[in-house]
Structure formats: structure tokens, C-alpha cells
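Q: If you count by mature numbering (1 follows the signal peptide of the UniProt record, and there is no 0), then the sequence shown holds residues -23 to -1, 1 to 167, one letter each, in order.
Careful: at least some of the hints might be erroneous.
[Claimed, not checked] List time: in silico SDA-like cross-link candidates among lysine to any residue, alpha-carbon distance up to 20 Å:
| hint | residue 1 | residue 2 |
| --- | --- | --- |
| 1 | Lys110 | Pro142 |
| 2 | Lys118 | Val60 |
| 3 | Lys81 | Leu119 |
| 4 | Lys93 | Ala153 |
| 5 | Lys93 | Asp58 |
| 6 | Lys93 | Ile152 |
Calculated directly from the structure, the hints in this document are not laboratory data.
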Amino acid sequence: MLASLHFLYVLFILATLGVEVHPLVFHTNRGLIRYNVWDTAGQEKFGGLRDGYYIQGQCAIIMFDVTARVTYKNVPNWYRDLVRVCENIPIVLCGNKVDVKDRKVKAKTITFHRKKNLQYYDISAKSNYNFEKPFLWLARKLLGDPNLEFVAMPALAPPEVQMDPTMVAQYEQEIAAAANAELPDDDEDL
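Construct the entire structure; sequences and hints are all you get.
A: Have a look at this one:
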């Protein structure tokens, strides 16, 4: 079975000019899943045609940079723009660059996903840390199969950096604690 999923990927790592489409295939216990990953412009000055890219998207990843607070502050805007065009699609929020020790957006302040009932993952594009998790979560949602598993990973470029296992354990503890913390009463991002 080959499920071809038209996939939106809102990326804040690079100043993408326009949009780039990358096929990404995962081998699962139900066959192949092919994502057509749309890497759209993450910066306002390049995002003029963004709504056109969203049309017919089946799922999305909204990504922000944990080393730059302003990218997290823009998450509600990206979310609003996305759901205006694609109302009921599964969405994952990802905090990228967790391999960098000088993290500015701390786990306890990442609450938007909980307010909007989105899945959240810390990731590192440079170390491939948690790379597959948003894709697996989205595939399970799209196919309605909570038992779906990846049986082989796509061929990735070798990691550019290695994650410190102590730092990973600390971040995972912080994320778990934050998930159980009471949400703030403010409605700034609603």
C-alpha cells in the first residue's frame, strides 16, 4: 500500500524563498507512506503566496526555533493562517534546535499546543533527534491506525551534531513536567 499524503511543512529553520517540495517515504507495518513535504517560507517577507500552498493540505507541522523567542511568538499567527485554509487537519507543533545549549524558549512556556489540542515534539534537525516522531503521529492520525509503526527509516543525512544524552534526559523531564502544569489564564494566543 502506498499512501500518498499531500503534506504541509511550515519550517522556520531556514529563510526559504517561496516553497520547496520534498518527497519523504517511510516504510511502515502497513506498507509505504509517501509524504510530499512542502517546505514553505517561514518568514513573513517571503510568505506572500503561503495560503495557496496550504490548499488541499492533509496535515501540517508548525516549527519554531527554541533559540529565538520571536519564532514561538509567531506560532499563533501561523496556526491561524493554516486553519483558515485547512480547517480540520492534524497539526504537530515542533520546537527545533534543541541540540543548542542556549535554549531561549523553555518547555514550561510552550503551552500553545495544549490550548489548541495539538501534538508537540522537541526536535533537532541537525542531530536527527525525534525526526520521525511528528511524521509517525501524523500518519497514525491520517490513517486512523494507532498501531502503525515505522519499520525502516528514510535515508537521512548523517547528523551534523550529536545530542548530549544528559541534556536530552533533562529536556524530556522538562517536557513531561510542563505537560502536567496548569495552563496560564491569558488568552494572548487564542
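Q: Run every hint past the structure and note whether it holds.
A: Do the hints match the structure? See the list:
1. Lys110 - Pro142: 18 Å, holds
2. Lys118 - Val60: Since the Cα atoms of Lys118 and Val60 sit roughly 17 Å apart, the hinted pair holds (cutoff 20 Å).
3. Lys81 - Leu119: The given pair, whose Cα atoms are some 33 Å apart, is violated under the 20 Å limit.
4. Lys93 - Ala153: 18 Å, holds
5. Lys93 - Asp58: 14 Å, holds
6. Lys93 - Ile152: Measuring from Cα to Cα gives roughly 17 Å; hence the hint holds.
The structure fails hint 3 only (numbered hints given earlier).
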